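Protein sequences appear in the order of chains S and C.
Numbered according to this note's numbering, the first sequence spans residues 1 to 465.
Numbered according to this note's numbering, the second sequence spans residues 1 to 465.
If you are wondering where the hints come from, they were derived from the structure by calculation, not from laboratory data.
None of these values were measured; they are calculated from a predicted model.
One or more of the hints may lead you astray.
Keeping only pairs whose Cα atoms sit at most 30 Å apart, straight-line, the calculated DSS-like set for lysine-lysine is [stated by the list, open to error]:
| id | chain 1 | residue 1 | chain 2 | residue 2 |
| --- | --- | --- | --- | --- |
| 1 | C | K22 | S | K140 |
| 2 | S | K209 | C | K209 |
| 3 | C | K140 | S | K203 |
| 4 | S | K168 | C | K209 |
| 5 | C | K209 | C | K35 |
| 6 | C | K406 | S | K209 |
| 7 | S | K209 | C | K203 |
| 8 | S | K125 | C | K406 |
| 9 | S | K416 | C | K412 |
| 10 | S | K323 | S | K386 |
| 11 | S | K209 | C | K168 |
| 12 | S | K448 | S | K386 |
| 13 | C | K406 | C | K464 |
| 14 | C | K203 | S | K168 |
| 15 | C | K421 | S | K330 |
| 16 | C | K372 | C | K386 |
| 17 | S | K416 | S | K358 |
| 18 | S | K434 | S | K448 |
| 19 | S | K330 | C | K140 |
| 20 | S | K330 | C | K432 |
| 21 | S | K323 | C | K209 |
| 22 | S | K358 | S | K380 |
| 23 | C | K434 | S | K330 |
| 24 | C | K125 | S | K330 |
| 25 | C | K403 | C | K209 |
| 26 | S | K140 | C | K454 |
| 27 | C | K125 | S | K358 |
| 28 | S | K209 | C | K140 |
| 29 | S | K203 | C | K386 |
| 30 | C | K203 | S | K140 |
| 31 | S | K125 | S | K358 |
| 32 | S | K448 | C | K140 |
| 33 | S | K416 | S | K406 |
| 34 | C | K209 | S | K421 |
| 35 | C | K416 | S | K330 |
| 36 | S | K125 | C | K330 |
If the Cβ cut is set under 10 Å, some of the chain C residues that face chain S in the computed set are [said to hold, decoys possible]:
| id | residue |
| --- | --- |
| 37 | G182 |
| 38 | L399 |
| 39 | E401 |
| 40 | K403 |
Don't be surprised by glycine CBs; every beta carbon is placed ideally from N, CA and C.
Number of protein chains: 2
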Amino acid sequence: MLTYVFSDDRDPLYEQIYNFIKTDIMNGTLKPGEKLPSKRTFAEHNGISTITVQSAYDQLISEGYVQSVPRKGYFVADIVVPHGMRHVTEKARKEKNEADAEENFINLSDSSPDETFFPFTVWAKLLRSNLSMRQPDLMKTPPTGGVEELREAIASHLGSFRGMDVDKDSIVVGAGTEYLYGLITQLLGRGMVYGIENPGYMKLPRIYKSMGVSYRYIDMDEMGISPDGLDKAGADIAHISPNHHFPTGITMPVTRRLEVLDWVTGGNRYVIEDDYDSEFRANGKPVPTMYSMDAGQNVIYMNTFSRSLSSTIRISYMVLPEKLMERFRKELSFYSSTVSTFEQYTLAEFISRGYFEKHINRMRLHYLRSRKAALSALAKSDLAGKYRIKENDTGLHFLLELKTKKSDEDIKERLKEWGIKIRSLSDYYHDKAKAPGHFFLINYSALKESIIDKICNCLAESIKD
Amino acid sequence: MLTYVFSDDRDPLYEQIYNFIKTDIMNGTLKPGEKLPSKRTFAEHNGISTITVQSAYDQLISEGYVQSVPRKGYFVADIVVPHGMRHVTEKARKEKNEADAEENFINLSDSSPDETFFPFTVWAKLLRSNLSMRQPDLMKTPPTGGVEELREAIASHLGSFRGMDVDKDSIVVGAGTEYLYGLITQLLGRGMVYGIENPGYMKLPRIYKSMGVSYRYIDMDEMGISPDGLDKAGADIAHISPNHHFPTGITMPVTRRLEVLDWVTGGNRYVIEDDYDSEFRANGKPVPTMYSMDAGQNVIYMNTFSRSLSSTIRISYMVLPEKLMERFRKELSFYSSTVSTFEQYTLAEFISRGYFEKHINRMRLHYLRSRKAALSALAKSDLAGKYRIKENDTGLHFLLELKTKKSDEDIKERLKEWGIKIRSLSDYYHDKAKAPGHFFLINYSALKESIIDKICNCLAESIKD
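Just chain S, with the same shape it has in the complex:
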């Protein structure tokens, strides 16, 4: 019988089991064809839950170490260990396994798009044609803000899709939003105080801190942040996502928008409007941007293709008000563009030839379906009657409120044992004590329908005593 000693360190139980069995298979302790104990026997023998064993076995099966034979059980697969396999130290192996296991987690808080939908065929076609037909263009150093053709395509996309009247020469393309934040801090000067939403996107304070600029948390009410909050914090910049706040899903109503725009015209102040997933609004028309509403030209608009195409394509952009664009040209145009021309031209054609719109429409339908599947699975699961959904009709996630007395940490800990990473709303609060409990983020963007039931069962299990 397989007996293993589990440690209390940060590895989830299922991952420890997975590693133990995998190691035993690789070093020959478990022989090809050997039968593994049933899930129930293994679980009882080791004093753990069946669901944990199931997760470990599933992982081993999916990686080909173990075969499941219906009505017979689980067997070690016939694995040929490569002769020249590198010697790996115990430490390196452990680290590698940890990383692998983390990768194999079902991550309910991840906000990447579903990348199985990436339009490889079209992308390859456009790249190929550029590589053979546009060599001189590809070799020409573009201005800091990016190649003209891409900026034109973006301006036209923003016009038709967001109703925005944008001059291509106000657009700055860069290698990811984080990089653009860096440019903004250089552009606005280091003396500014950045107001960021609380709760909000967790990376933001880390970025501002790392860049050595001052930032303050501004508490949200049910309409978003308020000028009052900004004033109290002494903020000069309001860094917000008014069209779809992360993670609450709040859309800032027009009254509040006008208040914030009134605040911003009061001096050397700016709004950074992060419109990161406006493409995926499920129902109705997208909300007009604050950039469009802003007569005084104090709104910096930002968006990214890492969200709408793939997180591994690093292309984001910002639209600067004219006065900032002038300053940008004067002070920052010595920088090289950070995105390769190969990808800039490919993306430009991808947009201008209509592929981007098609892709967005396809993804929107897909996300809508995933969302419905997730909601209906929840309704039919053991969790029925023990939860509420906080509605919002855009983006790639919703908030699930669980009716339980268990702490958020307890629930997260149990789910982690089963290979599920989840985040509570409190994780996005600067001051967790102020956060409402029992809200969890369910990102359905890359959720395979086949595992939704498993997740629902685990969620139901996690609130049991």
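Chain S is fixed; fit chain C onto it per the hints.
Relative to chain S, chain C alone:
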């Protein structure tokens, strides 16, 4: 007869002529087939030099507006002005023309590689195979430092090419050196004082200034900067290019290297070793890096593929000492990698399959040939006896010392009129008054042999009274 009024603004004369004639052709003032005045007549009539007219005519010919018929003269080409040609305002037209003209300058101080040599066929082949065979890899978010395969390829390249013993996990890949400088300032903390070489790379102080960190100019002697200079300036970081200083070409000798390494081990200090064009050393073996010499692990090594492949491919990297790498993992690994996986995997294979080495060897031979061609053209030109070459056997440029009483500014101004951009050594000094005069940078990397003679003649002309 064509009579034009030239303005004193920043446009060079040849460009003004080019624009006047082009505009007259486009709006029909000059008809297809019409004969233009000879260069000499045009020059005398307008009170300018023949060489200036020649430059303007050459440009018009190369763009197809004008045809040169041997022994007959210059004729307006048969141009069909597109019916739907966009209305452009006078201002936009002027700006566009300025930009176009700047692009058409012969730029002797540009340091881009010769991009006609970019290996499009191999690159396209590798990209295509990745796009069809490695889709899951392309969609997987890489760690901040870049995809493992690329870091492995770089480590192995540094081993065989630079004799460096580098762990792939000490490498951070990023979208250009400028971006990596930003990461370094975040990593080392904002309280550090950066010592930069004087003379040196002109972008560096702009970058540090823009990032809001302190920097000091450290005067070079014939061996480079010294610990004494660093101490006097109160510098914590020595940002240097010891293997091939830009623009002087100095290689820091081993005695001075040891002194700087002794200085750097004295406290919380670091050397940033910028090895930007070590691949192109023309003769002999590359100098060993300070990173390799450094027992105390205080050297950050940097290099870029923008120089060795194409300036439009934004991939650079740095190798961090272990203690900095640990800090990087702890404090900065929340950042997303700034280079798209598509290009990271393509470059990884480009290196690991030996294409990069082949490309470098090919470029090195090409640059060696360009250098010889430039030196021999100078020797045969009217400039013979009126110049000296400051030798150095690496990189893509040399320094030309002109025997003249004219000021550097006068010479640059004259050359600019003929469509040639050149920089004097003094341009790279913080305090120009301290700079030795009459040294000019000749970058031969992208110099077509066909125009070398023209350049030599212009140089000879420029020092005439």
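To see whether the hints hold, each was checked on the structure:
1. C:K22 to S:K140: Roughly 24 Å separates the two Cα atoms, so the pair holds.
2. S:K209 to C:K209: Given that 30 Å is the threshold and the Cα spacing comes to 18 Å, the pair holds.
3. C:K140 to S:K203: Answer holds: C:K140 to S:K203 is near 20 Å, not above 30 Å.
4. S:K168 to C:K209: Between S:K168 and C:K209 the Cα gap is close to 28 Å, so the pair holds against 30 Å.
5. C:K209 to C:K35: violated, 54 Å
6. C:K406 to S:K209: Not satisfied, since the Cα-Cα distance of roughly 52 Å exceeds 30 Å.
7. S:K209 to C:K203: Measuring from Cα to Cα gives roughly 25 Å; hence the hint holds.
8. S:K125 to C:K406: violated, 56 Å
9. S:K416 to C:K412: Status violated; Cα separation ~68 Å.
10. S:K323 to S:K386: violated, 53 Å
11. S:K209 to C:K168: holds, 28 Å
12. S:K448 to S:K386: The given pair, whose Cα atoms are some 23 Å apart, holds under the 30 Å limit.
13. C:K406 to C:K464: holds, 9 Å
14. C:K203 to S:K168: Roughly 26 Å separates the two Cα atoms, so the pair holds.
15. C:K421 to S:K330: holds, 21 Å
16. C:K372 to C:K386: holds, 18 Å
17. S:K416 to S:K358: violated, 37 Å
18. S:K434 to S:K448: violated, 34 Å
19. S:K330 to C:K140: violated, 38 Å
20. S:K330 to C:K432: holds, 22 Å
21. S:K323 to C:K209: Distance of about 21 Å is within 30 Å: holds.
22. S:K358 to S:K380: violated, 33 Å
23. C:K434 to S:K330: Between C:K434 and S:K330 the Cα gap is close to 27 Å, so the pair holds against 30 Å.
24. C:K125 to S:K330: violated, 40 Å
25. C:K403 to C:K209: Violated, at roughly 36 Å.
26. S:K140 to C:K454: holds, 24 Å
27. C:K125 to S:K358: Cα-Cα ~28 Å, so holds.
28. S:K209 to C:K140: Between S:K209 and C:K140 the Cα gap is close to 27 Å, so the pair holds against 30 Å.
29. S:K203 to C:K386: Roughly 61 Å separates the two Cα atoms, so the pair is violated.
30. C:K203 to S:K140: holds, 20 Å
31. S:K125 to S:K358: Holds, because 16 Å separates the two Cα atoms, which is no more than 30 Å.
32. S:K448 to C:K140: Judged against 30 Å, a Cα distance of about 17 Å means the pair holds.
33. S:K416 to S:K406: Status holds; Cα separation ~15 Å.
34. C:K209 to S:K421: violated, 42 Å
35. C:K416 to S:K330: The hint holds at about 23 Å.
36. S:K125 to C:K330: Measuring from Cα to Cα gives roughly 40 Å; hence the hint is violated.
37. G182: Hint on C:G182: holds, closest Cβ of chain S at ~6 Å, below 10 Å.
38. L399: violated, 23 Å
39. E401: violated, 28 Å
40. K403: violated, 34 Å
Consistency with the previously given hints fails for numbers 5, 6, 8, 9, 10, 17, 18, 19, 22, 24, 25, 29, 34, 36, 38, 39, 40, ordered from lowest to highest.
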